[in-house]
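Visitor: Go ahead and model the full structure; you've got the sequences and the hints to work with.
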Amino acid sequence: MDSDLGFTLPVIGMAVGLTTVVVGIFLEGLGPILVAGLVIALGSIALLGHTVATAAAE
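Mind the numbering: the sequence shown is residues 4 to 61 in the numbering used here, read in order.
Calculated directly from the structure, the hints in this document are not laboratory data. Ideal Cβ positions, reconstructed from N, Cα and C, are used throughout, including at glycine.
Label-pair distances were calculated between CB atoms; the ranges are: (1) Thr22 / His53: 20 to 28 Å; (2) Val14 / Ala39: 17 to 25 Å; (3) Glu31 / Thr57: 31 to 39 Å; (4) Ile15 / Thr57: 16 to 24 Å; (5) Glu61 / Ile28: 33 to 41 Å; (6) Ile28 / Ala58: 29 to 37 Å.
Guide: As structure tokens, then:
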């Protein structure tokens with residue numbers, strides 16, 4: 004994976020995930036939209052961690 008893309012995609016994912024969490028809180032309280040936003044944000048953080056670890060190993 005391109006190093007720029009490896010850092011950009013997780014940041015976009017975290018922004019989308021956190022926006023989804025905020026929208027979920029305002030629309031439904033603790034509903035499925037909130038859970039989906041948390042999954043997106045946490046997955047993006049994991050992807051960023053993997054990218055950083057891979058870059059450090061090289």
